[in-house]
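Sequences listed follow chains C and F, in order. So the first sequence is numbered by the working numbering: it starts at 955 and just counts up by one. So the second sequence is numbered by the working numbering: it starts at 3 and just counts up by one.
Note that these hints are calculated values from the structure, not bench results. Be a bit skeptical, because a hint or two may be false.
[Unchecked claim] Taking lysine-lysine and the PhoX-like style, the derived pairs with C-alpha atoms no more than 20 Å apart in a straight line are:
#, chain 1, residue 1, chain 2, residue 2
1, F, 40, F, 117
2, F, 40, C, 998
3, F, 18, F, 117
4, F, 72, F, 5
5, C, 998, F, 117
6, F, 18, F, 40
7, F, 5, C, 998
For reference, the chains in residue letters:
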Amino acid sequence: NAGVTQTPKFRILKIGQSMTLQCAQDMNHNYMYWYRQDPGMGLKLIYYSVGAGITDKGEVPNGYNVSRSTTEDFPLRLELAAPSQTSVYFCASSYRVSDGYTFGSGTRLTVV
Amino acid sequence: AQKVTQAQTEISVVEKEDVTLDCVYETRDTTYYLFWYKQPPSGELVFLIRRNSFDEQNEISGRYSWNFQKSTSSFNFTITASQVVDSAVYFCALSEAEDSNYQLIWGAGTKLIIKP
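Using the sequences provided together with the hints, build the complete structure.
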């Protein structure tokens, strides 16, 4: 059982470049989330989805976009990368909003 | 407004000592859920426990125990006979049944250092 799979694990981007962080879960979870974690800090919600075709903004959505075309996949798109987006990105999923989350292993992104 | 406070930024103890991590929450809802997550130095986030607001029974899992007290709005986490492998950042979080907008409210985390 793979759980939540995130790719890539590491990436260095130049300012202005774009990229997509991939997230897939095989647990048939309805809810999926993207968080960022800056060094020494807690988690901030970027976007979330309550099911295929439904997404909504979290606390820090600016500079990001998401889509949820299937239950399994929830990619996060960074457009015009900026140094402020240097962070570790975590994808998570849960069956219900009140359940504990299963997290992916994270993507460490550096924008230079 | 909903809020989760982990007042202890960092705790350092010697192996085999008991240690308690504090978590205080604020919510107007009568139905809510509390969580603890562990983030070891390797960076992954691991779900430890979920407790709903109607279940005030304490929970014990091996060396880990959780004390939920609605009267003081606290959900504290105790590690008995700590081990070096317990070194991690521990996050407490709150989810409200209503008006949560599906957002988990996270505490800032407590860094726990267990010295050999």
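Verification of the supplied hints:
1. In summary, the hint linking residue 40/F to residue 117/F is supported, as the alpha carbons are separated by about 18 Å, within the 20 Å threshold.
2. With a C-alpha separation of about 16 Å, the suggested pair residue 40/F and residue 998/C falls inside the 20 Å cut-off, and the hint holds.
3. Between residue 18/F and residue 117/F, the direct Cα distance comes to roughly 9 Å. Compliance with the 20 Å bound is thereby established for this hinted pair.
4. As the CA atoms of residue 72/F and residue 5/F are separated by approximately 15 Å, the hinted pair is consistent with the 20 Å bound.
5. The suggested pairing of residue 998/C with residue 117/F is violated, with an alpha-carbon distance near 30 Å, which exceeds 20 Å.
6. Proximity of residue 18/F to residue 40/F is assessed by CA-CA distance (about 19 Å); at most 20 Å being required, the pair is judged to hold.
7. A distance of roughly 14 Å separates the Cα atoms of residue 5/F and residue 998/C; the hinted pair therefore holds under the 20 Å criterion.
In this structure, the one hint that does not hold is number 5.
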